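Knowing the structure of chain A, use the given hints to seat chain B on it.
One letter stands for each residue in the lines below.
Number of protein chains: 2
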Amino acid sequence: MTEPTQKMTWIPEATCGQARAGHLHTRHGVVQTPTFMPVGTVGTVKGMTMDAVRSTGAGIVLGNTYHLMLRPNADRVQKLGGLHKMMDWPGPILTDSGGFQVMSLGALRKLDEDGVTFRSHIDGSKHRLTPESSTDIQYKLDATITMAFDECPALPATPDVLRKSMEMSMRWAARSREAFVARDGYGQFGIVQGGTEKELREASVKALTDIGFEGYAIGGLAVGEGQELMFSTLDFTTPLLPQDKARYLMGVGTPDDLLGAVMRGVDMFDCVMPSRAGRTARAYTERGTINLRNARFAEDTRPITPHDDSPMAGKYTRAYFHHLFRANEILGPMLLTWHNLAYYQRLMRTIRQAIIAGNLTEVAQKLRQDWAQGDWTEDEWPMPQLAL
Amino acid sequence: MTEPTQKMTWIPEATCGQARAGHLHTRHGVVQTPTFMPVGTVGTVKGMTMDAVRSTGAGIVLGNTYHLMLRPNADRVQKLGGLHKMMDWPGPILTDSGGFQVMSLGALRKLDEDGVTFRSHIDGSKHRLTPESSTDIQYKLDATITMAFDECPALPATPDVLRKSMEMSMRWAARSREAFVARDGYGQFGIVQGGTEKELREASVKALTDIGFEGYAIGGLAVGEGQELMFSTLDFTTPLLPQDKARYLMGVGTPDDLLGAVMRGVDMFDCVMPSRAGRTARAYTERGTINLRNARFAEDTRPITPHDDSPMAGKYTRAYFHHLFRANEILGPMLLTWHNLAYYQRLMRTIRQAIIAGNLTEVAQKLRQDWAQGDWTEDEWPMPQLAL
Numbered sequence: 001m002t003e004p005t006q007k008m009t010w011i012p013e014a015t016c017g018q019a020r021a022g023h024l025h026t027r028h029g030v031v032q033t034p035t036f037m038p039v040g041t042v043g044t045v046k047g048m049t050m051d052a053v054r055s056t057g058a059g060i061v062l063g064n065t066y067h068l069m070l071r072p073n074a075d076r077v078q079k080l081g082g083l084h085k086m087m088d089w090p091g092p093i094l095t096d097s098g099g100f101q102v103m104s105l106g107a108l109r110k111l112d113e114d115g116v117t118f119r120s121h122i123d124g125s126k127h128r129l130t131p132e133s134s135t136d137i138q139y140k141l142d143a144t145i146t147m148a149f150d151e152c153p154a155l156p157a158t159p160d161v162l163r164k165s166m167e168m169s170m171r172w173a174a175r176s177r178e179a180f181v182a183r184d185g186y187g188q189f190g191i192v193q194g195g196t197e198k199e200l201r202e203a204s205v206k207a208l209t210d211i212g213f214e215g216y217a218i219g220g221l222a223v224g225e226g227q228e229l230m231f232s233t234l235d236f237t238t239p240l241l242p243q244d245k246a247r248y249l250m251g252v253g254t255p256d257d258l259l260g261a262v263m264r265g266v267d268m269f270d271c272v273m274p275s276r277a278g279r280t281a282r283a284y285t286e287r288g289t290i291n292l293r294n295a296r297f298a299e300d301t302r303p304i305t306p307h308d309d310s311p312m313a314g315k316y317t318r319a320y321f322h323h324l325f326r327a328n329e330i331l332g333p334m335l336l337t338w339h340n341l342a343y344y345q346r347l348m349r350t351i352r353q354a355i356i357a358g359n360l361t362e363v364a365q366k367l368r369q370d371w372a373q374g375d376w377t378e379d380e381w382p383m384p385q386l387a388l
Numbered sequence: 001m002t003e004p005t006q007k008m009t010w011i012p013e014a015t016c017g018q019a020r021a022g023h024l025h026t027r028h029g030v031v032q033t034p035t036f037m038p039v040g041t042v043g044t045v046k047g048m049t050m051d052a053v054r055s056t057g058a059g060i061v062l063g064n065t066y067h068l069m070l071r072p073n074a075d076r077v078q079k080l081g082g083l084h085k086m087m088d089w090p091g092p093i094l095t096d097s098g099g100f101q102v103m104s105l106g107a108l109r110k111l112d113e114d115g116v117t118f119r120s121h122i123d124g125s126k127h128r129l130t131p132e133s134s135t136d137i138q139y140k141l142d143a144t145i146t147m148a149f150d151e152c153p154a155l156p157a158t159p160d161v162l163r164k165s166m167e168m169s170m171r172w173a174a175r176s177r178e179a180f181v182a183r184d185g186y187g188q189f190g191i192v193q194g195g196t197e198k199e200l201r202e203a204s205v206k207a208l209t210d211i212g213f214e215g216y217a218i219g220g221l222a223v224g225e226g227q228e229l230m231f232s233t234l235d236f237t238t239p240l241l242p243q244d245k246a247r248y249l250m251g252v253g254t255p256d257d258l259l260g261a262v263m264r265g266v267d268m269f270d271c272v273m274p275s276r277a278g279r280t281a282r283a284y285t286e287r288g289t290i291n292l293r294n295a296r297f298a299e300d301t302r303p304i305t306p307h308d309d310s311p312m313a314g315k316y317t318r319a320y321f322h323h324l325f326r327a328n329e330i331l332g333p334m335l336l337t338w339h340n341l342a343y344y345q346r347l348m349r350t351i352r353q354a355i356i357a358g359n360l361t362e363v364a365q366k367l368r369q370d371w372a373q374g375d376w377t378e379d380e381w382p383m384p385q386l387a388l
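Keeping their order, the protein sequence lines are chains A and B.
Take the first sequence: its letter number 18 is residue 18 in UniProt numbering, and every next letter is one higher.
Take the second sequence: its letter number 19 is residue 19 in UniProt numbering, and every next letter is one higher.
Chain A with its partners taken away, still in its complex shape (with noise of 0.2 Å):
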């Protein structure tokens, strides 16, 4: 690796407890952290315009390795300019490394020490990702921010297992370091691994700093283990983590699980959980969720919240959603899928004013509360009565 002459910092503004307010200087724009990054899988956020995307107020997206590489494939978004010009989305990209997607595979992949080979989900052809391919494949993809390339085992596993898992995981990171082309403003993560187990946690987080990243991602949960666990995990690992870069945890999560993973010091989140939820008509609200295909919405002339401050805000109402969902057709999944990433922005951006406003305790509180009481009524919150 070579060293760039303008890093990938990030800079802390407040905190309140474990949470941290801060901002990710990156080559493609300043990210306001704690963040939640909308899934782009294959180049596109599915059902969703950049636009809509930009509009929700979100600062940096995800892509996928596994998918990118298949297809369209890494030469052929290097041609088009890489992912930022192919989809138009100028902003940060973080790229994952393909090893989780390439896990879930089961019996289609194969792992030695060098790396992983694994047949195409598409079409049977036959692939192989190693630290240094899976670095380069993430250079043509001109990812802001590349994912070191790890193994990250299914819970529960036992202790042994886990340790071997890990230290590959370690020595795949230090390889995927030497491979990593620095650029101004680029960034790589490195990616912590141990299940629930502190000394492996310990040790890896270790062997990570020792290397030295841009930032640290922390892998292997939200795979099974349950939130309890997920937190305890969080407990002891973020504390371990240097104070003065990014922290990512992968793959998660639920609104509540965002809220007490940023009370645990963590600052980036990616999930598919909004954007699926928003192919199958649910909708997250500031009072859990519900779904527009329920009767009951059939002629509910509210919108989906009161609170929505996105551009869509107030133009449809629940009836419409129910009727698009039970029509099947193709702008329920849009227009929900925008509601949901706008509610995740949103409450990013409440927990975030809460760690600089210092009342972040009493923000959770009442987003819990909030949560736990279910829809509005109609007596709280009645329909209005439209004419034509």
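Careful: at least some of the hints might be erroneous.
Same chains, same names: a pair is fine if it fits in one copy or spans any two.
[As the list claims (entries may be wrong)] Here are the computed lysine to aspartate or glutamate pairs in the DMTMM-like style, where the Cα-Cα straight-line distance is at most 20 Å: (1) K46 / E329; (2) K140 / E299; (3) K315 / D51; (4) K85 / E299; (5) K85 / E329; (6) K315 / D88; (7) K315 / E286; (8) K110 / D308; (9) K140 / D184; (10) K85 / D308; (11) K85 / D123; (12) K46 / D235; (13) K85 / E228; (14) K206 / E299; (15) K85 / E362; (16) K110 / D309.
Since the hints were derived computationally from the structure, they do not count as laboratory data.
Quick caveat, the model's predicted, so the values are computed rather than measured.
Below, chain B alone, put in the same frame as chain A:
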């Protein structure tokens, strides 16, 4: 029918040969004619937000009575404040009468003098449409322009079949007019039938103008007769129509169909072609159509056309469209429908400006030459070299 204080009016602005430019003044805004109406079948232009539809310059959209009466149903649309409020389109909306679409059900429908009984294509449930109920449904949908309920026989048909059908349509037109609730700036169009028979078209126009409508549609074309027969039918039909009322050719057509029909005195069009093509990777350009799934576009760094003046112009390469369609991403149909509708609106603006400038013949010749020439070669229009 009661008389409104402010009628829907069509004001001529310029003519060029038979072609007319004008303004249709309605309760929901002024529409520049000639105009193309995007089809919003079931309360949504498939794959488009109405902001995107607006951005193309569309001035009026179409809704389908048959689809809307089944789902979400007319009473529900009325409770939601009508189609305008439901779908975020405060501008003018024309609804068809359901007649044409019910005819397309074939064996699922049964015709009598009073109306049509049919079974829903969704759940097989039994429904009935008459001139009175169709008009009432369109009232509940809050259609700016209501269409008279008619029967549209498939072509070819014998003169006797065409006459009987036309005569019933004219009796239905009188009943539709009787049922129409006149309101300021709202209007109702009668539909000229009679197939390709001049004498029948004359009789139909006489019957409709005796009743008196705010506009006149030409029905019974674009049902398999071919462009030549369609144009020759227009040649003797449009001169029969009142000079001071808008003329609407239903369900037409290709860019070349629109051009030829405008030159024969038609002002309004609707067709699913540009939106349907957008969902199947077919792009309309000044140089004809191209299919973006084709392998030759995989690394084509040019936009679809150099002439796009829509808000999405210049954002995406042909290669990106190719990728989106190959990966079955929703964004492909979303963006290409947008592109195609923008092309259709741009074409109508070009034609309209030529009518006003008095050089439509020359402009038409140039348009047809370009369509015939086929896609731009790389010599004519080199591919930009994109770099990281």
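Hint-by-hint comparison with the structure:
When the C-alpha separation of K46 and E329 is checked against a cutoff of 20 Å, the pair qualifies both within a copy, at 15 Å, and between copies, at 7 Å. Taking CA atoms no more than 20 Å apart as the test, K140 paired with E299 passes between copies only; the shortest distance there is 15 Å, against 50 Å inside one copy. Taking identical chains as interchangeable, the C-alpha atoms of K315 and D51 lie at most 20 Å apart whether they share a chain (17 Å) or sit on different chains (11 Å). Taking the shortest alpha-carbon separations for K85 and E299, only the inter-copy value of 14 Å comes in at or below 20 Å, while the best intra-copy value is 42 Å.
Taking the shortest alpha-carbon separations for K85 and E329, only the inter-copy value of 18 Å comes in at or below 20 Å, while the best intra-copy value is 29 Å. In this homomeric assembly, K315 and D88 come within 20 Å of each other (Cα to Cα) only across copies, at 6 Å, whereas the closest approach inside a single copy is 25 Å. When the C-alpha separation of K315 and E286 is checked against a cutoff of 20 Å, the pair qualifies only within one copy, where the shortest distance is 18 Å, while the shortest distance between copies is 34 Å. In the homo-oligomer, the alpha carbons of K110 and D308 never lie at most 20 Å apart, since the shortest distance is 47 Å inside one protomer and 48 Å across protomers.
Taking identical chains as interchangeable, the C-alpha atoms of K140 and D184 lie at most 20 Å apart only when both belong to the same chain, with a minimum of 16 Å there against 61 Å between chains. Proximity of K85 to D308 under the C-alpha cut-off of 20 Å is restricted to the inter-copy arrangement: shortest distance 18 Å between copies versus 30 Å within a copy. Neither within a single protomer nor between protomers do K85 and D123 lie at most 20 Å apart by alpha-carbon distance, with minima of 27 Å and 46 Å respectively. Taking identical chains as interchangeable, the C-alpha atoms of K46 and D235 are never at most 20 Å apart, the minima being 33 Å within one chain and 48 Å between chains.
Taking the shortest alpha-carbon separations for K85 and E228, neither the intra-copy value of 41 Å nor the inter-copy value of 45 Å comes in at or below 20 Å. Within a single copy, K206 and E299 get their C-alpha atoms no closer than 58 Å, and across copies no closer than 44 Å, so neither meets the 20 Å cut-off. For the identical chains of this complex, K85 and E362 are neighbours neither inside a copy (42 Å) nor across copies (39 Å), given an alpha-carbon limit of 20 Å. Taking the closest pair of Cα atoms, K110 and D309 never come within 20 Å of each other, the shortest separation being 47 Å inside a single copy and 50 Å across copies.
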